[in-house]
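Undergrad: So the chains spell out like this:
Protein chains: 2
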Amino acid sequence: MIDTIVLGAAHPHVDYLLTEAAATADVRVVAAAEPDPVARERFLRAVQAPVYADPDRALAEHPAAVGVVCGVYSRRAELVIDCLQRGMSVLVDKPMCTGLDQLRAIERAAAESAGSLAIMFDKRFYPETLALTEVVHSGELGDLVQLSSTGPHKLLQPTRPDWFFSRHGYGGIANDLPVHDIDILLRLTDATSGRVAAITGNHSVTDHPEFADQVGLIIDTGGLLAMIDANWLQPDAAAVHGDYRMRIVGTEGTADVDWPRHRVTVTTRNTPERTLELATPTRPVQFYFDALRTGEQPAVTTAQSILATRIALTAQLSADNDGAWKTF
Amino acid sequence: MIDTIVLGAAHPHVDYLLTEAAATADVRVVAAAEPDPVARERFLRAVQAPVYADPDRALAEHPAAVGVVCGVYSRRAELVIDCLQRGMSVLVDKPMCTGLDQLRAIERAAAESAGSLAIMFDKRFYPETLALTEVVHSGELGDLVQLSSTGPHKLLQPTRPDWFFSRHGYGGIANDLPVHDIDILLRLTDATSGRVAAITGNHSVTDHPEFADQVGLIIDTGGLLAMIDANWLQPDAAAVHGDYRMRIVGTEGTADVDWPRHRVTVTTRNTPERTLELATPTRPVQFYFDALRTGEQPAVTTAQSILATRIALTAQLSADNDGAWKTF
Numbered sequence: 001m002i003d004t005i006v007l008g009a010a011h012p013h014v015d016y017l018l019t020e021a022a023a024t025a026d027v028r029v030v031a032a033a034e035p036d037p038v039a040r041e042r043f044l045r046a047v048q049a050p051v052y053a054d055p056d057r058a059l060a061e062h063p064a065a066v067g068v069v070c071g072v073y074s075r076r077a078e079l080v081i082d083c084l085q086r087g088m089s090v091l092v093d094k095p096m097c098t099g100l101d102q103l104r105a106i107e108r109a110a111a112e113s114a115g116s117l118a119i120m121f122d123k124r125f126y127p128e129t130l131a132l133t134e135v136v137h138s139g140e141l142g143d144l145v146q147l148s149s150t151g152p153h154k155l156l157q158p159t160r161p162d163w164f165f166s167r168h169g170y171g172g173i174a175n176d177l178p179v180h181d182i183d184i185l186l187r188l189t190d191a192t193s194g195r196v197a198a199i200t201g202n203h204s205v206t207d208h209p210e211f212a213d214q215v216g217l218i219i220d221t222g223g224l225l226a227m228i229d230a231n232w233l234q235p236d237a238a239a240v241h242g243d244y245r246m247r248i249v250g251t252e253g254t255a256d257v258d259w260p261r262h263r264v265t266v267t268t269r270n271t272p273e274r275t276l277e278l279a280t281p282t283r284p285v286q287f288y289f290d291a292l293r294t295g296e297q298p299a300v301t302t303a304q305s306i307l308a309t310r311i312a313l314t315a316q317l318s319a320d321n322d323g324a325w326k327t328f
Numbered sequence: 001m002i003d004t005i006v007l008g009a010a011h012p013h014v015d016y017l018l019t020e021a022a023a024t025a026d027v028r029v030v031a032a033a034e035p036d037p038v039a040r041e042r043f044l045r046a047v048q049a050p051v052y053a054d055p056d057r058a059l060a061e062h063p064a065a066v067g068v069v070c071g072v073y074s075r076r077a078e079l080v081i082d083c084l085q086r087g088m089s090v091l092v093d094k095p096m097c098t099g100l101d102q103l104r105a106i107e108r109a110a111a112e113s114a115g116s117l118a119i120m121f122d123k124r125f126y127p128e129t130l131a132l133t134e135v136v137h138s139g140e141l142g143d144l145v146q147l148s149s150t151g152p153h154k155l156l157q158p159t160r161p162d163w164f165f166s167r168h169g170y171g172g173i174a175n176d177l178p179v180h181d182i183d184i185l186l187r188l189t190d191a192t193s194g195r196v197a198a199i200t201g202n203h204s205v206t207d208h209p210e211f212a213d214q215v216g217l218i219i220d221t222g223g224l225l226a227m228i229d230a231n232w233l234q235p236d237a238a239a240v241h242g243d244y245r246m247r248i249v250g251t252e253g254t255a256d257v258d259w260p261r262h263r264v265t266v267t268t269r270n271t272p273e274r275t276l277e278l279a280t281p282t283r284p285v286q287f288y289f290d291a292l293r294t295g296e297q298p299a300v301t302t303a304q305s306i307l308a309t310r311i312a313l314t315a316q317l318s319a320d321n322d323g324a325w326k327t328f
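Those protein sequences? They're chains A and B, same order as listed. With the UniProt record's numbering, the residue at position 307 of the first sequence is 307, and numbering never jumps. With the UniProt record's numbering, the residue at position 231 of the second sequence is 231, and numbering never jumps.
Wrong hints could be hidden among the right ones.
[What the hints assert, rightly or not] So the derived label-pair ranges between C-beta atoms look like this:
1. B:H262 / A:D54: 39 to 47 Å
2. A:E277 / B:G222: 52 to 60 Å
3. B:H262 / A:T192: 56 to 64 Å
4. A:E277 / B:D322: 53 to 61 Å
[Stated by the list, open to error] Here are a few chain A residues that face chain B, going by a calculated C-beta distance under 10 Å:
5. P37
6. A39
7. G222
8. A238
9. E273
10. D322
11. T327
Worth flagging that the hints you see were computed from the coordinates, not collected in a lab. The structure presented is a predicted model; accordingly, all values stated were derived computationally and were not measured. Even for Gly, the Cβ is constructed at its ideal location relative to N, Cα and C.
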């Protein structure tokens, strides 16, 4: 039995864990906690275990192997660190934290802990992403040199709590939305350093001046030039919450990924466009518990969780400094 | 009769003019010139008028209303200026020139000339671009806030002359390929100032170290955040020379353009995705001679030709300065 405890539930992604617990015989929620009564009712209503207002109390009273951290973004770091210091492993919604100081503290705690740390990078495990990763790793595209990605999301403003629109609660858009594509970039290239410039703007949510509804990142890893955008401007009437698309260009070929249309195409110097076959989708955090069950490290490693977060936070730092290039 | 004279023919785009002359009764090529004998044979073989090695001589001996400039990129500025100083109008292939000093000289000549200056911005007149422009100008997308564009091109290296791979002859990739999308950006937004950062790289044409096979631009006009990439890495086996795609995001809706598949879709807050109807394609420089014939200014104006070129050259300047932000 894999005992898990939910520490903060302020975003629908907490359902990833509850879905996994419902679908498996050996993932058990032993307790849950969320300080905000509205969020508690909204996100933890279905939990059969004790539900607390105070995450510290839940953690003190319910030993568990895994802490699942899904609360207000700026409060996640503290709970991640608490779990790691108890030797627990952590599965954390993105963004893992909202500041580089928080990230450094997490990194120190992780280095001293027996527990592992994994962000819920569900996009990495989508069938389209797996097919893309496989074709890149096969070498068919040659050396990857360019990545262009666009990541619009629906804001659905009335469904978002106040903290979501504040810098103190949310951090910035650059530390949040682009981190999935940064993770994919890192998996495709094994880059570990580089530089990033980012610009943010807010044109549609004018009643919340601290909020940004758009971000553009340019990342230069030396080998790869990545252009990543993301925004909260996906139209309400769109059929999909996020119309994510990515183009990956290598010295020998190009791949185009259209996630909502479940389509990955590859063209190379010698072979015309073909459409890749896709595997059956998995549940969003199935990768995590499948690994734990067999004693393996989760595919999203501690180091990967920290590096992707560092790049995203560095992008936000750039945006906060008028787009200045920042190294990571 | 609109008498035209070809001054330099070092790129297949000179066919735009020859196609127009063949298709119309009143566009007449009175002379042509290209110093390089190989290019002269390749691009001017079909010309029925006198063909010279020396553009100056052709210009001196054959009065014409329009100079069409399609030679080696770095030599275009001088011929553009010669024509303007004679009071002729100029239709010039992109890039119009390869340096900001050349551009300033062109700008001075244009200010003192009765002739107009138009770049062959054929992409602006593609049915997909016209449909996009119409929907943007209708206001249906609200205020435009983001543009993401990717512009891969086939290099077909054996077909390119040596000058194409040199900084002296070609300039840089940023002053060349992205200028079409910069022009479209300017038509959609009426922006006239802003800043740009750009990165270039060369991973596939390693036998020509002065060449760059990729570029990424981030443009901040204050109102619009644009991410534009372009490269010479379109796979040889692809069905199309350039698999151009663009996403335009406004405060009220999003448009996606897929040029080679002749598809433009629009989704707004209130209306689900729909596909726009497209007009019949025109010939690449038909817009230009249609205007001249009726005494109108070409739709691509002198000011627009200069501004788009300035942004592209400023992007190249940024790339040459390690991606530093540069204002335009």
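Undergrad: If a hint holds in the structure, say so; if it does not, say that too.
TA: Here is what the structure says about each hint:
no., hint, verdict
1, B:H262 / A:D54: 39 to 47 Å, "violated, 59 Å"
2, A:E277 / B:G222: 52 to 60 Å, "violated, 45 Å"
3, B:H262 / A:T192: 56 to 64 Å, "violated, 42 Å"
4, A:E277 / B:D322: 53 to 61 Å, "violated, 42 Å"
5, P37, "violated, 31 Å"
6, A39, "violated, 26 Å"
7, G222, "holds, 9 Å"
8, A238, "holds, 5 Å"
9, E273, "holds, 7 Å"
10, D322, "holds, 8 Å"
11, T327, "violated, 12 Å"
Hint compliance for this structure: hints 1, 2, 3, 4, 5, 6 and 11 are broken, all remaining hints hold.
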